[in-house]
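Based on the sequences and whatever the hints tell you, model everything.
Protein chains in written order, with the working numbering: chain D, 3 to 276; chain A, 3 to 276.
If you are wondering where the hints come from, they were derived from the structure by calculation, not from laboratory data. No false leads were slipped in.
For chains that are exact copies, the list does not tell them apart, and a pair is met inside one copy or across any two.
Mimicking EDC-like on lysine to aspartate or glutamate, the simulated pairs with C-alpha atoms at most 16 Å apart in a straight line are:
1) 125 - 264
2) 125 - 268
3) 125 - 261
4) 125 - 55
5) 125 - 58
There are 2 protein chains.
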Amino acid sequence: MTTTVACAQLALGVGDVAANLAAAEEAIDVAAGAGARVIVLPELANSGYVFADAAEARALAEPVDGPTVTAWAAAARRHGVTLVAGFAELDADGLVRNSAVLVDPTGTVRAVYRKAHLFGTEKDFFVPGDAAPPVVDIEGVGRIGVMVCYDVEFPEWVRRAALDGAELLCAPVNWPLFPRPAGERPGEVVRVQADAAVNRMYVAACDRAGAERGVAWTGGSVIVDPDGFPLAGHTPTDGPVLLLASCDLAQARDKRLGDHNDVFGDRRPELYAP
Amino acid sequence: MTTTVACAQLALGVGDVAANLAAAEEAIDVAAGAGARVIVLPELANSGYVFADAAEARALAEPVDGPTVTAWAAAARRHGVTLVAGFAELDADGLVRNSAVLVDPTGTVRAVYRKAHLFGTEKDFFVPGDAAPPVVDIEGVGRIGVMVCYDVEFPEWVRRAALDGAELLCAPVNWPLFPRPAGERPGEVVRVQADAAVNRMYVAACDRAGAERGVAWTGGSVIVDPDGFPLAGHTPTDGPVLLLASCDLAQARDKRLGDHNDVFGDRRPELYAP
Numbered sequence: 003m004t005t006t007v008a009c010a011q012l013a014l015g016v017g018d019v020a021a022n023l024a025a026a027e028e029a030i031d032v033a034a035g036a037g038a039r040v041i042v043l044p045e046l047a048n049s050g051y052v053f054a055d056a057a058e059a060r061a062l063a064e065p066v067d068g069p070t071v072t073a074w075a076a077a078a079r080r081h082g083v084t085l086v087a088g089f090a091e092l093d094a095d096g097l098v099r100n101s102a103v104l105v106d107p108t109g110t111v112r113a114v115y116r117k118a119h120l121f122g123t124e125k126d127f128f129v130p131g132d133a134a135p136p137v138v139d140i141e142g143v144g145r146i147g148v149m150v151c152y153d154v155e156f157p158e159w160v161r162r163a164a165l166d167g168a169e170l171l172c173a174p175v176n177w178p179l180f181p182r183p184a185g186e187r188p189g190e191v192v193r194v195q196a197d198a199a200v201n202r203m204y205v206a207a208c209d210r211a212g213a214e215r216g217v218a219w220t221g222g223s224v225i226v227d228p229d230g231f232p233l234a235g236h237t238p239t240d241g242p243v244l245l246l247a248s249c250d251l252a253q254a255r256d257k258r259l260g261d262h263n264d265v266f267g268d269r270r271p272e273l274y275a276p
Numbered sequence: 003m004t005t006t007v008a009c010a011q012l013a014l015g016v017g018d019v020a021a022n023l024a025a026a027e028e029a030i031d032v033a034a035g036a037g038a039r040v041i042v043l044p045e046l047a048n049s050g051y052v053f054a055d056a057a058e059a060r061a062l063a064e065p066v067d068g069p070t071v072t073a074w075a076a077a078a079r080r081h082g083v084t085l086v087a088g089f090a091e092l093d094a095d096g097l098v099r100n101s102a103v104l105v106d107p108t109g110t111v112r113a114v115y116r117k118a119h120l121f122g123t124e125k126d127f128f129v130p131g132d133a134a135p136p137v138v139d140i141e142g143v144g145r146i147g148v149m150v151c152y153d154v155e156f157p158e159w160v161r162r163a164a165l166d167g168a169e170l171l172c173a174p175v176n177w178p179l180f181p182r183p184a185g186e187r188p189g190e191v192v193r194v195q196a197d198a199a200v201n202r203m204y205v206a207a208c209d210r211a212g213a214e215r216g217v218a219w220t221g222g223s224v225i226v227d228p229d230g231f232p233l234a235g236h237t238p239t240d241g242p243v244l245l246l247a248s249c250d251l252a253q254a255r256d257k258r259l260g261d262h263n264d265v266f267g268d269r270r271p272e273l274y275a276p
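Set out below in structure tokens:
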């Protein structure tokens, strides 16, 4: 049984909450219309990313029952899709978090994940999470893991989600554009390919398009199969783009590699460093 | 200060110990003549790889003071180079190991590493090692880590070598050729790129060329920089090839990523699974 997975790479504006929500809702409509059953949006898709200061981040942060996630959940319910999207969260303790939500096809928020590895100046704006990446079983689809951007650059963290049963890891990301040699894929894409292959799972990373307050985004959205090869993306454009890929999540339950190996069973955890 | 690192991708024959040694010695001569100060040879470079049975593997295995490593050490001393090479080892307890040796420019064997993650039918021939990958400080060069082939597909193992100070990870490998989509690099190369980038270190993986008893090799030798981009290889040929890359190992001592991050300091080991 295959599931169509989508990454909706969006151009968003920092602080432009209404326009960002409209862009997300339109992308969800289009992706669902194209057959997507799982849709991933970028990191901080409610607020934008390049905050001037902590006060701006706090002012834009919303509780999980705030207007943006509520509207996303309604869109997920309307289309009967699973949605994974990043948002600036004001949590119940008043802390500002770089979070991602997983909403199931009934519109129920099944997980709120707080980014555990903060990048760049995020430490000035956000409190990192201390909880493991959630893995949520969606009936008729499979087990979906969630983490955010720089998290996927820590193979130990990706491994934890995989060992917890993730068959598809969904990662809202905002990858700032770094220089790279001609002809090379963005390094972040390469790392996602490796994340998928060493765990024999699917990974869908949804990046931003365009630029924001002088920060250009990579436009590196990619959906990778359990062999580590891209099924969709990254695309040559850094503009908005909808990636669609047909994924059989059951394949990610099989950790065998050829006739003699198993990427989990071959681990030697007793020898690894903490 | 830069060091020229070489991978000598060789075509070898199973059981043809004399020819394999001649090929290795010639490759060392050529690489050293081209300015290499660190030379990596493939996995099981004394014996070949595709054993008919355990008896054949045992018959071809040599102690670390046997003729092949002794000759390699003499070549290293003659040229004043550091050599990392894989060999079928008969250890002091009579166990057959898939090992790699690190010989310094004086011809001294500084480390013998036994592959900890065995691939394919290797479990029929070899006893896996239980010791951490060695990291050896070579004066005037830097700190060199050693592991073998499938080991590099376990990010926890690569991390251990990196945390132990490896600035250049040298990996003798024999990568069987797997199908891949058109235009894609071998998956093993992608994983090595990620290994390098997430640890901000150099990696030199030296593969085999050609085929052996019906097993085709990938010819995927590659030398990767701390950003995860190839400095040399992999090459379009699957034949013998000498890769050379100029590496400044001091750069791999700096784990900072931009102004705000550090790929080691940003780890959250208290949250990782064993």
